[in-house]
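Q: So the chains spell out like this:
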Amino acid sequence: DPKIIQKPKYLVAVTGSEKILICEQYLGHNAMYWYRQSAKKPLEFMFSYSYQKLMDNQTASSRFQPQSSKKNHLDLQITALKPDDSATYFCASSQDRGKGTEVFFGKGTRLTVV
Amino acid sequence: GDSVTQKQGQVTLSEDDFLFINCTYSTTTYPTLLWYVQYLGQGPQLLLKVTTANNKGISRGFEATYDKGTTSFHLQKASVQESDSAVYFCALVDSGSWQLIFGSGTQLTVMP
Numbered sequence: 108d109p110k111i112i113q114k115p116k117y118l119v120a121v122t123g124s125e126k127i128l129i130c131e132q133y134l135g136h137n138a139m140y141w142y143r144q145s146a147k148k149p150l151e152f153m154f155s156y157s158y159q160k161l162m163d164n165q166t167a168s169s170r171f172q173p174q175s176s177k178k179n180h181l182d183l184q185i186t187a188l189k190p191d192d193s194a195t196y197f198c199a200s201s202q203d204r205g206k207g208t209e210v211f212f213g214k215g216t217r218l219t220v221v
Numbered sequence: 273g274d275s276v277t278q279k280q281g282q283v284t285l286s287e288d289d290f291l292f293i294n295c296t297y298s299t300t301t302y303p304t305l306l307w308y309v310q311y312l313g314q315g316p317q318l319l320l321k322v323t324t325a326n327n328k329g330i331s332r333g334f335e336a337t338y339d340k341g342t343t344s345f346h347l348q349k350a351s352v353q354e355s356d357s358a359v360y361f362c363a364l365v366d367s368g369s370w371q372l373i374f375g376s377g378t379q380l381t382v383m384p
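Just so you know, the protein sequences line up as chains A and B, in that order.
The numbering of the first sequence is the working numbering, which starts it at 108 and goes up by one.
The numbering of the second sequence is the working numbering, which starts it at 273 and goes up by one.
Bound-form chain A, shown alone:
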């Protein structure tokens, strides 16, 4: 049973459009994250949330906006999509935000921008 659910698994979008990537975790964790994996940068940290508050943002572009409507949800809205945004986006979570806590990853959403 997957404990971190990401939807959809695959997504094709047109340049300039907007998409939302969904993430829910059922591990009872307090911290959630988004990572991106592409051919150019294998696994790159994007955002971290703790108790639904944004803690770190390593994404240069404001086109990427995380949204947390519930403690176990962290969606990712991407606007004005570009072909360079094509990547697999992984949602992750950990019990708390800290050095000793294990981070668990979902299976990812593969986004292709055409």
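Any given hint could be a false lead.
Interface residues of chain B toward chain A, partial, derived using beta-carbon atoms under 8 Å [stated by the list, open to error]:
1) G281
2) Q282
3) T284
4) S286
5) P316
6) L318
7) G329
8) F361
9) V365
10) W370
11) Q371
12) L372
13) F374
14) S376
Hint data in this document are derived by calculation from the structure and do not stem from the laboratory.
Using N, Cα and C, we set each Cβ at its ideal position, and we do this for glycine too.
We have chain A; now place chain B onto it with these hints.
A: Then chain B, alone, in the frame of chain A:
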């Protein structure tokens, strides 16, 4: 800032061969070093964690150790199996933000 370098992009072995993958790291604090494994179509999974406290981690036949003097840490396994074929990432927990900083990954292919 903190960083990790993983130079071996691809490793091809035969079953029962010895595996050795090396990473180097840079940090200003005591490091927490990790190895993640990613199977095809899956997200990364934690394989091993090594800290200054334990110096070594062992799991599923894999062993990870680190060398503070050379700021390197490596993953090894005495006898690989075809089912070990996957991408292996070394990672460092950033000392400021606690985010994971990943190496570029090593694609391991084990031939039967």
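Q: Each hint needs a verdict: does it hold in this structure or not?
A: Status of each hint after checking the structure:
{"no.": "1", "hint": "G281", "verdict": "violated, 10 Å"}
{"no.": "2", "hint": "Q282", "verdict": "violated, 13 Å"}
{"no.": "3", "hint": "T284", "verdict": "violated, 19 Å"}
{"no.": "4", "hint": "S286", "verdict": "violated, 26 Å"}
{"no.": "5", "hint": "P316", "verdict": "holds, 5 Å"}
{"no.": "6", "hint": "L318", "verdict": "holds, 5 Å"}
{"no.": "7", "hint": "G329", "verdict": "violated, 12 Å"}
{"no.": "8", "hint": "F361", "verdict": "holds, 6 Å"}
{"no.": "9", "hint": "V365", "verdict": "holds, 5 Å"}
{"no.": "10", "hint": "W370", "verdict": "holds, 6 Å"}
{"no.": "11", "hint": "Q371", "verdict": "holds, 4 Å"}
{"no.": "12", "hint": "L372", "verdict": "holds, 6 Å"}
{"no.": "13", "hint": "F374", "verdict": "holds, 4 Å"}
{"no.": "14", "hint": "S376", "verdict": "holds, 5 Å"}
Comparing the model with each earlier hint shows violations of hints 1, 2, 3, 4 and 7; every other hint is respected.
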